[in-house]
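**Q** What follows is each chain in one-letter form.
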Amino acid sequence: MVQRITEFVLKKPLLVMMILLLITGFFTYFIVEKARIETNLDKYMPEDHPAFKKSNYYEDVFNIDDAIIVAVSNKEGIYNQHTLQKINDITEEIQKLKGINPADVRSITTADNITGSDFGLEVEPFMKGIPETENEIKNLRKKVDDNEMIRGRFISTDNQSALIMAELKDDSIDRMALYNRVKEVLKGKEGPEEIYVAGQPVVEGTLASLMPRDMKKMVPIVILVIVIVLMLTFGNLKSTLLTLGVVLFSTIWAFGLMSFLGIPVYSVSTMIPVMLIALGVADGIHLLSHLQQRIRNEPELGQKEAIKDMVDQLWKPVVMTSVTTAVGFISLLTSEVFPIKYFGLFTAFGVMAAMVFSLFFIPAGLQILNLPANRKRKASKQGNFFYNLADLVTGHKRVIFVISVIIVILSLVGLQRVGIDSSLLSKFARDEEIIQANNFINEHFAGTTNLNVIIEADQDNELKNPEYLETVQKLQDELKVMPGVGDTFAVTDFLRRINKVMNENDEQYNRIPGSRELVAQYLLLYSMSGDPEELNRVIDYNYRRLNLRVNLKSDNARLIRKTIEKIDEFAAASNIADFKIDYAGSAYTNMVFTDLILIGQVKSLVISLIGVVILLGLLFRSTVAGILGSLPIAITAVINFGVMGILNISLNTTTALISSIVVGMGIDYSIHLLSKYRRYGQLGLDKMETARKTMNQSGRAIAFNALVVISGFLVLLFSSFPPNRELGWLVSLSMFNSFLLTLTLVVALIDKYQPDFIFGKRGKLNN
Amino acid sequence: MKLMQKLTILFLLISLLAGIYPGVITAADITGREIMEKVYNRTEGDSRQSRLKMVLINKFGDERIREIEQYEKSFGQIEKKIMFFISPQDVRGTSFMNWSYVDKRSDDQWIYLPALRKVKRISAENRSDNFMGSDFTYDDLGDRNLNEDKHQLLREEELKGEECYVIKSVPVEEDYIYSRTVTWVIKDKWIGLKKEFYDREGKLLKVLENKEYKEVDGILTIFNSEMHNVQSDHRTRIQLSNVSYNIDVTEDMFTERMMKRGL
Chain A
264 MVQRITEFVL KKPLLVMMIL LLITGFFTYF IVEKARIETN LDKYMPEDHP AFKKSNYYED
324 VFNIDDAIIV AVSNKEGIYN QHTLQKINDI TEEIQKLKGI NPADVRSITT ADNITGSDFG
384 LEVEPFMKGI PETENEIKNL RKKVDDNEMI RGRFISTDNQ SALIMAELKD DSIDRMALYN
444 RVKEVLKGKE GPEEIYVAGQ PVVEGTLASL MPRDMKKMVP IVILVIVIVL MLTFGNLKST
504 LLTLGVVLFS TIWAFGLMSF LGIPVYSVST MIPVMLIALG VADGIHLLSH LQQRIRNEPE
564 LGQKEAIKDM VDQLWKPVVM TSVTTAVGFI SLLTSEVFPI KYFGLFTAFG VMAAMVFSLF
624 FIPAGLQILN LPANRKRKAS KQGNFFYNLA DLVTGHKRVI FVISVIIVIL SLVGLQRVGI
684 DSSLLSKFAR DEEIIQANNF INEHFAGTTN LNVIIEADQD NELKNPEYLE TVQKLQDELK
744 VMPGVGDTFA VTDFLRRINK VMNENDEQYN RIPGSRELVA QYLLLYSMSG DPEELNRVID
804 YNYRRLNLRV NLKSDNARLI RKTIEKIDEF AAASNIADFK IDYAGSAYTN MVFTDLILIG
864 QVKSLVISLI GVVILLGLLF RSTVAGILGS LPIAITAVIN FGVMGILNIS LNTTTALISS
924 IVVGMGIDYS IHLLSKYRRY GQLGLDKMET ARKTMNQSGR AIAFNALVVI SGFLVLLFSS
984 FPPNRELGWL VSLSMFNSFL LTLTLVVALI DKYQPDFIFG KRGKLNN
Chain B
443 MKLMQKLTIL FLLISLLAGI YPGVITAADI TGREIMEKVY NRTEGDSRQS RLKMVLINKF
503 GDERIREIEQ YEKSFGQIEK KIMFFISPQD VRGTSFMNWS YVDKRSDDQW IYLPALRKVK
563 RISAENRSDN FMGSDFTYDD LGDRNLNEDK HQLLREEELK GEECYVIKSV PVEEDYIYSR
623 TVTWVIKDKW IGLKKEFYDR EGKLLKVLEN KEYKEVDGIL TIFNSEMHNV QSDHRTRIQL
683 SNVSYNIDVT EDMFTERMMK RGL
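Sequence order for the protein chains is A and B. Just so we're on the same page, our numbering is the position in the first sequence counted from 1, plus 263. Just so we're on the same page, our numbering is the position in the second sequence counted from 1, plus 442.
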């Protein structure tokens, strides 16, 4: 079958080439026409997961929407005509933007002031037009200073900065496009004021746009590095170009299929090209180095024969390693998160495409371009090196075992310390604009990350009861002094404010009203004189649920978790112990989301490890082979997480991808080593010679492969995203470990225990 | 061929005229403005007492129900209205008084909170604000002065078995919350059957439907109406009962003292 196909490929190489290029062209067309980058993080989450369903529901009930936050800062203070005018202009221009509901843009120029006077209750805008005279400005300042619902929230307490918050109309808004529109508004508005833009939509938008841009920068470098490595390996341009063609075309196929199926490019998908380029060259190296060796040994061999021999000899291992690598990524389908599923699926597809290209494109290409020149090589030094390595390893088995055990123990200790991080902000480098803006706003205002706490009473109208409201107020007071918490906001803030102004601004009435009737009447009063929509954000229609907003200074999962723990603890010990407490908002869903991703990663790591054991077991018809082969993979994974723990690198959505790469590549090394070992073992050589020959053959192949993958991934060190850099060197380290463990630990174990699947059928020669 | 061309031009001219002066073709005898004038001037009695049930329904179907006893009376230049909350229980006894002036002056409003035992004035700055969290703005509830809109008769059509004029009203004020409203007025009764409100961007915002009207003391009275905000899917139902006109009340009824005393 395979022979017949190869025959055909060699007979009509141009036709085969045309077909492959046609399909590639077809996919390229789809990429150009239909590829779409997804910038809305909500789209990444599984909608039917209970936590997201609940959060979405509450976001709907309380109109919780992500907001773009603009800070206008003036070192001289904002209380001057020029700065106020600027704040007003920006507010008005943002109100007109597509995707923004004018009523949902708040700043000092649109905010209502709840005041009391002899006259009664007034809910009026702070500003009607820009104050001009000194007196008017002073007046405004006094109004702000008197209202703690505004001071610290829209005007910083040092009076140097003002905030403009613009909520997105709905979830489907393209974050990046909106961010660009906001930037357009702000263009030329700086000076003397400084302007900062932050907020969840901006973070998501920036992330979604920087990721592909980062990859655009990365891919050419990866290609260059791979070309250099390939040139060094092959020593000729033909082989290099053919192998390069394999990986580039398989990348196009993967993205082409994605676009064809209408699946958007998620930020994690931008890792696919680097993955495929680094992983896909393995097959090409395998095939072409075999070919070059063959023609070096038998220069008289005909072109067709040489190519046929190459495919004949190697199609099995090529298919096998490709399938196993693909299976490593397919295991990501167990994740509940679609972008991860797609990442796994399309990387697997790309790996399979690389296999198809290797088996058709390379032979066809060789037939058209003719064989690479036969390069005379001096007796290879590496050969000696690997020969010697075999002696070294078998001679120091005990040392290897002891060192391995020590490293594993150390890693297990470090592994305990691995922290999970869902922070989107931590993905950016410190000098990134968004980080600067975020830091500025967190320093001067309540905090850019919102955690929404939904407190639900056991029956309707219960939350008009002052006893419960007092508890909520106490909870707010305790939260406010927590490090990392900037501010809180709830219906209690409205009630205290109204209570105070209805009692002649007497500060001692700045508390929850004393009776349920008064609470109800104040709420009615506010709904008659103020904007009832404001109340709908903090309390529901049946006075059964309230929304307590907690402003956090960081979107770090640890802080969010700590805050949630604090709230749950407080509630359990209070009179609202029987109430239901839920959480909502993007900070919360991001955290749950990250947890899901990580659980998925761990799950897929375990599943794929078990899969590897079974696969290797079946392949070599031996349980021992399964265990031996998966041992270096498991240890590599353990070391990786141990190193992360020791160096305090958080497990996040990027670094978690390492496990699938480790498994996908590691298994290739095991297959390589074990099949060569078995081959020489079955030849009847003695144990030392078997080790040497195996080491010389597969050791070199594994080393080359590791070298290529490592150089590919090290390019990620140039990425502008810290997690990508971490991924780059962690994968490199893991590939090195995997290579080293396979050649030392596994060889030492085989040498010590002489398993049957290698040495058992001694004498019965096949092949 | 020539005849066809002439006919076509004639037809086009007629359509054009119809577009500019729809009244010309549909009902040459009455203009949009005249219809709205009749609606505006329809007799409503100079005083009224009624029980008002206001039901606010959000998009989840949650309801807030308020029952109010209200008295209204016109004293020449001032329209006075006093409302006493009957339910829900925790706001019972709350009262609300509104004086609106025929001239441009903005309304005066007071509220009495029994739990606070104080009458307070509240500011009613904006007629575009929603009334008590309902889907009605103060403007929607009151009579908007005829001169504030340009009225145009669009067509005549039957709606729910009633012969109606369909009138488009475009506010004169440029930045008003509505870009236009379309009203179905029942012929010869001069009462609105349905009204559509379009937002600034020209998208349908709200639909008001008159669901039940009958004559009380010779005056056509809407007993049941519903305003549906189609954009937020929020509804407000207003049901009247125990309506009587030309009641025997004096200005003493519309005072802070009465607000405190209650019913």
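Each hint should be verified, as a subset may be incorrect.
[Stated by the list, open to error] With a straight-line Cα cutoff of 25 Å, these simulated DSS-like cross-link-like pairs (lysine-lysine) come out:
id, chain 1, residue 1, chain 2, residue 2
1, A, Lys274, A, Lys604
2, B, Lys522, A, Lys359
3, A, Lys843, B, Lys501
[As the list claims (entries may be wrong)] Listed next, with one range per pair, are the computed distances between beta-carbon atoms:
id, chain 1, residue 1, chain 2, residue 2, range
4, B, Ser674, A, Asp845, 22 to 30 Å
5, A, Asp845, B, Asn483, 48 to 56 Å
6, B, Gly704, A, Glu453, 52 to 60 Å
No lab work stands behind these hints: they were computed from the structure. Cβ coordinates follow ideal geometry from the N, Cα and C atoms, glycine included.
**Q** Next, verify each hint and record whether it holds.
**A** Hint-by-hint comparison with the structure:
no.: 1; hint: A:Lys274 to A:Lys604; verdict: violated, 40 Å
no.: 2; hint: B:Lys522 to A:Lys359; verdict: violated, 39 Å
no.: 3; hint: A:Lys843 to B:Lys501; verdict: holds, 23 Å
no.: 4; hint: B:Ser674 to A:Asp845: 22 to 30 Å; verdict: holds, 23 Å
no.: 5; hint: A:Asp845 to B:Asn483: 48 to 56 Å; verdict: holds, 55 Å
no.: 6; hint: B:Gly704 to A:Glu453: 52 to 60 Å; verdict: holds, 59 Å
Checked against the numbered hints given earlier, this structure breaks hints 1 and 2; the rest are met.
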